[in-house]
Amino acid sequence: MSRISSTFESLKRKNKTAFIPFLMAGDPNYDLSLEIIKTVDRSGADLLEIGLPYSAPLADGPTIQKSSRRALDSGFQPRQVFELVEDIRRESHTPLIIMSYINLIHKFGMENFITRCRQSGVDGIIVPDLPPEEGEELKNISSQIDLIWLLSSNSPASRIDRVTRAAEGFIYAVSTPGITGSREKISLEIKNTISKIKEIREIPVCVGFGVSRPEQVKSLAEFADGVIVGSAIIEVIERAVNYPAGDIEDAETEEKLPVSINQQNLLDQLEKFIRNLTEPL
Amino acid sequence: MSVHSETKTAKRENGKFGEFGGRYVPELLVPVLEELEEAFYHYQDDPEFHQEFEYYLKDFVGRPSPLYYAERLTKKLGGAKIYLKREDLNHMGAHKINNTLGQVLLARRMGKEKIIAETGAGQHGVATATVAAMFGMDCEIFMGAEDVKRQALNVFRMRLLGARVNEITRGTKTLTDAVDAAIQHWVENSEDTFYLLGSAVGPHPYPVMVREFQSVIGRETREQILDAEGRLPDYLLACVGGGSNAIGLFHPFLDDEEVEMIGVEAAGLGLDTDKHAATFSRGCPGIIHGYKSYVLQDENGQITPVHSISAGLDYPGVGPEHSFLKASGRASYESATDQEAVEAFKLLSEIEGIIPALESSHALAYLPELASKLDQDKIIIVNLSGRGDKDVYTVAEEMGTDLK
Ligand SMILES: Cc1ncc(COP(=O)(O)O)c(C=O)c1O
Chain A
1 MSRISSTFES LKRKNKTAFI PFLMAGDPNY DLSLEIIKTV DRSGADLLEI
51 GLPYSAPLAD GPTIQKSSRR ALDSGFQPRQ VFELVEDIRR ESHTPLIIMS
101 YINLIHKFGM ENFITRCRQS GVDGIIVPDL PPEEGEELKN ISSQIDLIWL
151 LSSNSPASRI DRVTRAAEGF IYAVSTPGIT GSREKISLEI KNTISKIKEI
201 REIPVCVGFG VSRPEQVKSL AEFADGVIVG SAIIEVIERA VNYPAGDIED
251 AETEEKLPVS INQQNLLDQL EKFIRNLTEP L
Chain B
1 MSVHSETKTA KRENGKFGEF GGRYVPELLV PVLEELEEAF YHYQDDPEFH
51 QEFEYYLKDF VGRPSPLYYA ERLTKKLGGA KIYLKREDLN HMGAHKINNT
101 LGQVLLARRM GKEKIIAETG AGQHGVATAT VAAMFGMDCE IFMGAEDVKR
151 QALNVFRMRL LGARVNEITR GTKTLTDAVD AAIQHWVENS EDTFYLLGSA
201 VGPHPYPVMV REFQSVIGRE TREQILDAEG RLPDYLLACV GGGSNAIGLF
251 HPFLDDEEVE MIGVEAAGLG LDTDKHAATF SRGCPGIIHG YKSYVLQDEN
301 GQITPVHSIS AGLDYPGVGP EHSFLKASGR ASYESATDQE AVEAFKLLSE
351 IEGIIPALES SHALAYLPEL ASKLDQDKII IVNLSGRGDK DVYTVAEEMG
401 TDLK
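Quick mapping for you: the protein sequence lines, in order, are chains A and B. For the first sequence, my numbering puts the final residue at 281, and the numbers step up evenly by one. For the second sequence, my numbering puts the final residue at 404, and the numbers step up evenly by one.
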């Protein structure tokens with residue numbers, strides 16, 4: 001059984017919902033992102049999702065776009081993620097999932113990418129722009145690595161059936177049709193999709209996209225096996241890094257990184273934020 | 001098997017052109033694209049749909065567009081006979097309207113009320129706003145802030161036509177960012193919104209659909225050249241941004257092995273600078289905006305910023321069918337620099353009385369090299385994809401003339 005599956009098994013025995021934070025590798029730079037991930041891991045993560053910074057992140061809203069941009073501007077490149085994972089693995093056994101757009105994997109070479117995932121201690125991959133129809137090749141070579149597929153509230157029954165049967169590790173259920181980013185309200189429509197999945201097969205289903213508050217975590221925990229939170233955590237980092245309030249283009253005209261991020265302060269805030277979010281779990 | 005029939009059978013299954021094409025999109029878009037594919041193939045076989053399409057092409061767009069023998073240009077270059085397919089004479093001045101008309105008719109049949117589109121030069125935005133106005137539909141155009149600046153005239157035209165122009169300020173603030181933003185908007189609003197994509201790019205079924213609507217160019221050209229010369233041309237020449245005017249001209253000739261096809265992409269300040277949009281010359285296979293094709297990217301797979309004097313060619317990807325035609329050797333791809341395009345722009349204006357779009361000027365720019373080497377009994381057809389009124393400010397600036 002994969003490390004992801006056994007983690008869900010043991011959470012289930014304890015009747016607990018998984019908390020899965022998403023962070024961008026290299027944001028705001030290699031060293032600080034390593035400290036951030038370690039802190040978030042210790043503060044209550046059951047699994048970790050780590051994104052590879054990409055220049056054209058089609059499924060991501062402004063917060064994660066900017067996070068990608070900060071990582072790339074710091075000189076971080078996707079291949080360094082394996083070094084980062086090795087560094088994380090020195091002290092943590094938390095299941096770790098890489099989120100990467102398909103072009104990065106394609107450029108890397110699929111086999112090469114999967115090999116490096118295995119060697120460094122990655123447990124699963126999510127490719128947000130690779131639906132199962134295009135994913136055969138990756139699936140065929142990715143033994144020992146769980147390929148996590150997505151479903152959403154607009155997925156027709158035939159897709160739910162197909163994806164559920166092929167799923168490995170868990171299914172990522174997209175809360176609301178749209179892109180990533182904190183939302184005021186989360187529709188509970190996804191609940192129907194989850195019941196349909198569970199009728200087909202008992203596989204963990206985690207909900208993500210837009211989750212940003214303890215109340216949302218609480219209501220999702222009533223029917224989901226896990227809750228994924230990305231943008232809301234990254235907003236804490238964004239504030240600390242203290243770019244002007246505006247958009248990416250404002251950020252680009254400013255100096256790259258402010259001279260001094262109060263590192264300890266940021267890590268403390270993140271810890272507090274995560275503990276607060278996971279309180280209801 | 002010929003290239004033609006190979007692509008024809010391939011498309012019905014999964015939108016693949018050899019290894020290129022496909023549907024690399026977020027899960028949320030898959031059902032939406034399936035719905036679109038379903039509708040497209042349904043109406044593709046529907047005689048009523050075709051009748052309506054042809055009616056508007058004729059009475060609204062003004063088709064067929066002439067195939068004009070450019071006698072003075074031919075003399076000047078001293079080689080092959082040059083014909084121009086006059087897409088610049090279409091309503092609104094470019095080939096773009098063939099596609100927007102086809103897609104808006106489809107959108108109406110699918111019961112969608114809102115149209116969104118991305119635009120680079122603004123030509124596709126104008127062509128979309130035009131058909132939206134004509135059918136009274138809500139229309140929002142996504143356009144990079146950089147392009148909004150470069151193409152003020154087209155922005156004004158879109159607004160006149162009742163469209164909202166959504167200025168995109170992220171990334172390089174050009175076409176590629178506008179596409180990202182439009183796709184994202186669509187993901188959130190697919191229920192009532194039709195994404196009217198402007199070139200033969202994007203996830204299946206767009207490359208097939210756009211090609212089918214643009215193929216009217218090639219079908220007419222074929223008839224017209226047979227009428228005029230009693231034979232098929234030796235060369236077809238078209239500029240390539242996303243590749244819609246090129247594939248529209250090429251496609252009906254794919255089975256005619258004697259017809260050579262050349263696409264011309266934008267070499268910007270030069271292929272050896274980092275300021276160009278020469279996807280075939282300097283890119284490699286990758287995935288962008290939902291499809292697999294040649295892509296301009298760095299060694300890490302990050303999409304690289306592009307440059308061209310013509311906003312319509314300023315794009316880091318290229319239609320997947322062109323990648324297939326390149327790989328199979330059926331078509332070849334060359335490039336022209338900003339400067340060469342401006343020279344061609346001036347030349348055609350001076351000696352034919354036709355001001356071409358800067359995009360089309362890239363195709364024209366390859367003529368001196370091609371035509372002068374060929375015998376006088378050879379025939380070249382250039383797709384004059386648009387007129388150049390929108391570009392006069394840019395060219396004036398390039399020539400050091402201040403119009404303001
Ligand atoms: C006149 C004209 N020609 C060509 C193009 C390039 O597009 P495509 O390669 O899809 O024909 C454009 C794009 O805006 C255009 O406006």
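Calculated directly from the structure, the hints in this document are not laboratory data. Check each hint, because a few of them may be wrong.
[Unchecked claim] Taking lysine-lysine and the DSS-like style, the derived pairs with C-alpha atoms no more than 27 Å apart in a straight line are: (1) A:K139 with B:K16; (2) A:K191 with A:K12; (3) B:K346 with A:K185; (4) B:K326 with B:K346.
[Said to hold, decoys possible] Short derived list, chain B residues pointing at chain A, Cβ under 8 Å: (5) V25; (6) E27; (7) G79; (8) I288; (9) G301.
Note that the coordinates shown come from a computational prediction; the quantities given were computed from them, not determined experimentally. Using N, Cα and C, we set each Cβ at its ideal position, and we do this for glycine too.
- request: Compare the distance between the alpha carbons of K326 (chain B) and K346 (chain B) with 27 Å, and conclude whether the hinted pair is satisfied.
  value: violated (30 Å)
query: Taking the closest Cβ pair, is I288 (chain B) under 8 Å from chain A?
result: holds (7 Å)
task: Would you mind confirming whether the straight-line C-alpha gap from K191 (chain A) to K12 (chain A) stays at or under 27 Å?
output: Judged against 27 Å, a Cα distance of about 18 Å means the pair holds.
message: Holds or violated: the hint that G79 (chain B) contacts chain A, with Cβ atoms closer than 8 Å.
response: violated (42 Å)
field: Hinted contact G301 (chain B) with chain A - closest CB pair below 8 Å
entry: Since the shortest Cβ distance to chain A is 3 Å, the answer is holds.
task: Report holds or violated for the interface hint on E27 (chain B), using the least CB-CB distance to chain A and a cut-off of 8 Å.
output: holds (4 Å)
message: Checking one constraint from the list: CA of K139 (chain A) to CA of K16 (chain B), max 27 Å. Satisfied?
response: OK: K139 (chain A) and K16 (chain B) at ~19 Å, within 27 Å.
task: Assess, step by step, whether the Cα of K346 (chain B) is no farther than 27 Å from the Cα of K185 (chain A), and give holds or violated.
output: Between K346 (chain B) and K185 (chain A) the Cα gap is close to 57 Å, so the pair fails against 27 Å, i.e. violated.
When the least beta-carbon distance from V25 (chain B) to chain A is tested against 8 Å, hint result: holds (6 Å)
Hint compliance for this structure: hints 3, 4 and 7 are not met, and every other hint is.
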